[in-house]
Amino acid sequence: MLEDVLAFAALPLAAAVVFTGIHTWFGLQVLRRNVVFADLALAQVSALGATVAVVAGHAVQSPAGYAYTLAFTAVGALLLTASRGLARSVRQEAFIGVLYVFATAATVLVVDRSPQGAEHVKKMLVGGILSVTGDDLLRFVVLYGIIGALHWLMRRPLLAAAGSEDARNDAGKFLGWDLVFYLSFGVVVTSSVATAGVLLVFCFLIVPALVGNLFSSHVGVALLIGWAAGALASAAGIFGSFLLDAPTGAVTVLAFAATLLIAGAIRAFITAPATQRRRNRRVGLHVGGLIICLLLGLSGAWVVIAPAGDHPLLAAIEMATGIGPDRFMTTTERADYLEATVVARRHKAEIDRLYDRERQSRWQGEALTADDIRRLGSMQQTLTEMGRGERFVVDYLRTRGRERERWYVGLPLAAFGFLGAATIARRARRGL
Amino acid sequence: MRIVASTSDLASLAQAVAGDLAQVETIVPPAADPEAFEPRPSDLARLKGASIVIRVGLGYDDWLNKLLMMHGDAAVNRGGAGYVDASVGIPLLEVKGSQLDPTARDGHAHGLANPHYWLDPANAKTITGAIAEAGIRVAPEMAEKLIANRDDFLSRLNASLARWEQLLAPHRAARLIAYHNTWPYFARRFRLDVVDVIEIKEGVAPSPARLAKLAAIMREQKIRLIVHEPFEPEEASQLLARRTGAAVVKLAPSVGSLPAANSYLALFNYNVATLAQALSAVSN
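Each protein sequence line maps, in turn, to chains W and V.
In terms of the working numbering, the first sequence has 340 at position 340, counting the first letter as 1, and numbering is strictly consecutive.
In terms of the working numbering, the second sequence has 53 at position 53, counting the first letter as 1, and numbering is strictly consecutive.
Derived by calculation from the structure, the hints in this document are not laboratory data.
As the structure is a computational prediction, the values presented were derived from the model and not from experiment.
Careful: at least some of the hints might be erroneous.
[Unchecked claim] Counterexamples of contact, computed for chain V against chain W with all Cβ distances above 12 angstroms:
# : residue
1 : 1
2 : 89
3 : 93
4 : 142
5 : 269
6 : 280
[To be verified] To spell it out: a stretch of chain V is covered by chain W in this simulated footprint if at least three of its residues, at any positions, have a beta carbon under 8 angstroms from a beta carbon of chain W; those stretches are:
# : region
7 : 46-58
8 : 185-193
9 : 197-206
Glycine included, C-beta positions come from ideal geometry on N, C-alpha and C.
Excised from the complex, chain W in its bound form (with noise of 0.2 angstroms):
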C-alpha cells in the first residue's frame, strides 16, 4: 500500500514542482503588470479551443488538439496585448474580465454540440494532475525549459515591459515584449491547464509569486522564495489528498491558500520590522479574539433562539467535552434516545448485510429469483423507514435536550462570548 501511496505521488509531485517553477516566473511579471486574471482569461480561452477541438472529432492531445487550442490561445495573447494599449482610460483588468467571460460563455454553447462537453469543461476546471505519465513529465521539462531559458536571456526587457515606469507611460514602446510575454504565456497555460486544471493552474501561477513578493522586492530572491513555497504547497496538497481520502486537486487548491495564509502569519508577525511586528501581533490577537468570541457568543445565542436548529458549533465542543443534551434529559427520554441510537445502527447493519447477501448472489451459488430480489428490496426499504423513524426519535429527543440545555450552556455562552468581543472591541479602541 504504501508503495502504491509513493507511486502514485512521484510523478503528480514532481509535475507540480515543474509547474510552479515556470509558473512562479510569470506570476511575478502578472502581478507587476496588474493582470492577475489574465492567466484565468488565457486558459479559458485555451480550453474553449480544446472545447471547439473536441467537437471538431480530435482528441485534446492530439496534434490537432493542440493546433486548436494553441490558435485560440495566440488570439488571446493578442488581446490581451492589445488591451494594454486600450487600457488608458479604463482598467486593464476590465477587458480581461469580459474576455474571461466571453470564452466561457462561447465554451458552454460549443460544448451543447457535443454530448460529451460538459465532462470535458470540468476536466479543464479540476484537472487531472494525478494521472500524469513519465512522458508527460518529460514533455513538460522540455517544453518549460525552452521556454524558462529563452526568458531568462530576455529577463531585462520583459520585466520592464511588466512593471516600469516607462513601461505604464508609454505602452506602445513595449507592444512587441508583450506580445512575447502573452503568447509563451499562452504556450505555458495551454499546456498546464491540460493537466492540471484551471484552478490549479491559477494557484501556481498567483500563490507562489505572492509568497515571494511578501518577503522580498528583488525579483531573484522573490523567486527562489516562491518556488520553496510553491513545493511545499505541492507536497502539503498532493500528499494531504492522501490522508484526508479527497480528490488531489481541490486539497492542493487548499494546500496553496494554507501556504499564502502561514506566509502571511510569518511575515506579519515574525519577519516584519519591530515596531510594525508589535503593532500586527497586538492587532492579530485582537482580530482573532474578536472572531473566536463572537463565534462563541452568536453560537449560545441560537442555541437559545433556535434550540431544534444546526449548532456546529456547540456539537463541536459536545464532542469534545463528552457534554451533550442527553445530559439535560429525564432518564426515560435519555433511555428512548440511546435506544433510538443503537436501533438506527442496528437496522443500517442489517441493510448493509442484506446487500452484502444480494451481492454474492449475482456470482456465487444459485442465482436469486426475481422475487427474492424484490423481497430483499422491500426489507432493505422498509428497514430504511424504519431507521428513519429511529432518527426522528434522536432529533427529537435531542431537540427537548437542548431546550433545557440552552439556559444552562447556550446562555453562558452568548454571555461570554459578547461580553469578551466588546471587552475586546474596546481595548483595541484605546490601543489605537
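Guided by the hints, dock chain V onto chain W, whose structure is given.
For chain V alone, coordinates are given in the frame of chain W:
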C-alpha cells in the same frame, strides 16, 4: 402517436414495441451522461404533443420532473395515461436509499436504488410491458399490433439472451473493477463479480488513497480487468491499469454511447462479445 423517452435505451425499447405505429424521440443525446444532463428549451418543445413519456425513474432523470411540470399536460404527467416510469415492477438492486446515511458512498447521489436496471436484458420484459400498456391506454385500437410487436421483440431477446449467457458462462464469477457503479444488473444476469468501483461519488475524481487501496485489492484478488464507460474520464482507470498491469475494456452503458451499440439488442451484442473477449485475453 409520438413517444418521448428520457434515454436512448428506453427509446430503443419503445421503438421495438411501437414499430411503425409511433415516432420515438429521445431527450438525452446518445453518449451523454443522463445523470449530469441539463435540459434545454428544445426539450420542452419535444414534449409538446407527446402521447407517451417514458422515464428511467429512481432519481436518475430527476430533471424530467421540472420539464413535465412546465409542460403541464396531465396525460403525460405522473398518474396520466401516457406516463411510464419504467422502474415500476423491476426487481431493484442496492435498495439502500440515502436516508439512513447521507454520506453513503454508493456512486449515486440520490434515488431509491441503483438505476441502471436496463442493463439486465431480462428486465426488458417488464419495461416493454409497461410501454405496451401505456400504448394501449392511449390508443386502444393499436393494441393487437403493439402486443404482436412486443412478442416478436421478446422472442428475439430470449434467443439472444441464451446466446449471451452461453458466451459469458466460461467467465462466471470473473472479478472486475468498474469506473462507475453502472453494472450490478449486468453482473447479476451474467454471474460476474464487480468487486469495487473507482468513482464512489458521482462526478468527483477518486482520491489517490482510493486508487492505492484499489491497486492493493486488484493485486490481492488478481483482478485483471477494469470496465470503463465512454463518457467517463479515463485518467484514473488508465493510471490504475498501468500500476497493476490490468487491461481497460470500454463497454457501452446505453444505446448509442458507442457506435456498435446502436439498438438495445446491439448494446448487449457488443458488451457481451467485448467483455468475453477481454476476459479471455486477460485469463490467458
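Here is what the structure says about each hint:
no. : hint    : result
1   : 1       : holds (27 angstroms)
2   : 89      : violated (9 angstroms)
3   : 93      : violated (7 angstroms)
4   : 142     : holds (29 angstroms)
5   : 269     : holds (22 angstroms)
6   : 280     : holds (18 angstroms)
7   : 46-58   : violated (count 0)
8   : 185-193 : holds (count 5)
9   : 197-206 : holds (count 4)
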